[in-house]
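Generate coordinates for the entire structure from the input sequences, incorporating the hints supplied.
Listed in order, the protein sequences are those of chains A and B. Residue numbers for the first sequence follow our numbering, beginning at 14 and rising by one. Residue numbers for the second sequence follow our numbering, beginning at 738 and rising by one.
No wet-lab data here; the hints were simulated from the structure. Here a beta-carbon is modelled for each residue, glycine too, at the ideal position from N, C-alpha and C. Warning: the hint list may mix true and false statements.
Residues from chain A shown here face chain B by an in silico Cβ test under 7 Å; the list is partial [stated by the list, open to error]: (1) Gly27; (2) Gly33; (3) Ser37; (4) Ser104; (5) Gly106; (6) Leu109; (7) Met116; (8) Leu120; (9) Ala130; (10) Gly133; (11) Arg134; (12) Leu135.
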Amino acid sequence: MTEIGKIITGVAQGEARAIGRAISMVENHAASAPALVEALDGQRIAACLVLGITGPPGAGKSTLTARLIQEYRRRGRRIGIVAVDPSSPLSGGALLGDRVRMMTHTLDPDVVIRSMASRGRLGGVCGAAGAAVRIMAHSGCTVVLIETVGVGQSEMDVVGIADLTAMVLAPGLGDDIQAMKAGLLEVADLLVVNKADLRGADRLILDMESVALQRQDKQGRAVPVCATVADQGQGVAALVDHFHRLHREIEASGAKERHRRRARRAEVADWAMELLRPRIIEAVAARSTLDGDALVLARQILTEMGLAPRK
Amino acid sequence: MRKMYRVLIGKPGLDGHDRGAKVIARALRDHGFEVIYTGIRRLPAEIAAAAVQEDVDVVGLSSLSGAHLRLFPAVVEELARLGAEDIAVIGGGVVPAEDIAALQEAGISRILTPGASLQEVIHAFETACEEREG
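Next up, the structure:
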């Protein structure tokens, strides 16, 4: 069997080593990565529920994710987690610490955790997150969680990759909530107020309920607002129930499939730009002089590469 | 584009002193490594399983409590059990000179002791990563 064939079979059988390898291949743009992702099981990928967990730094995303793992395992599901942390813009390195809160699940063969660095991507996830999700689905995970970097208002990439996205907030993180109304709060499928036992939580829940009311769906239903105390596990089962109800609905209405088709288009564009980026950087570096305005030079370089921008 | 090196820093056993491990994790990050940190009080099996899931090039273990002779080789054994004997293991912390030979015998590729500079630490990880890449 070829090396790729072995990895694909290993992934399908849920082997941790093969899953880890496969994700690295995509992440590192290995020459064999296209053959690998092409061989993934479309049916398993279609059936898998992909959940986005996003929110500002310190809202409790990792702690909540750890509790969600526990709840899904209690319900007998095999679960994957893609935990994204930012890469340092200075060194390119990253400290990936989300795992610390999930270590109790490390020896469970039906919990697949992968920490990923954003590697220069600004949308709150990393370029290979979508492929990592599909590799996990191929390995038999019926739920995959994507935990984004701590986000502000504009990191919305997760909304594309995930079928449903939960925005996690906590009291005491500042008055940014008003400002966020124009960003993730407009698109999240669920609003979670974590640390609901802290002072200020009631006020935040009221705020979120008013946001939710402005976002009624066609049937006049507001976006669900869930209160959780993740470090004690409170509200987590109810949150999972909400995920499942919404999942049934988007599957029945065809919204899940439509959303994935749209997201696919965006992911193709993202990959194309990511694959092109090193070539552009090389072309810029190869120039001996950079006289003139940056915009003019950029257009020249693209034209020389045969990618002339529109007038 | 050079391959991004991924390393895992773990603290096996009951030793809760993680200042050293954190300093090293941060230094490696600042040197361009992707560093997965496991936190304190981990089983050797947990560290090995995490290293396999994360597909790291090198595992760095920190111990200040004196249990290194038992815990470091245990991680090497667990990695082998998972078919990941190619992941190098580096040990660091309070390790008396007379223990170093035994640890190397047990498959710990490098031992860093008190007084090692951050530069030496980074170099050790870099070389281990390069060796694995071949």
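| message | So, against the hints stated earlier in the document, which numbers end up violated here? | response | 1, 10, 11 and 12
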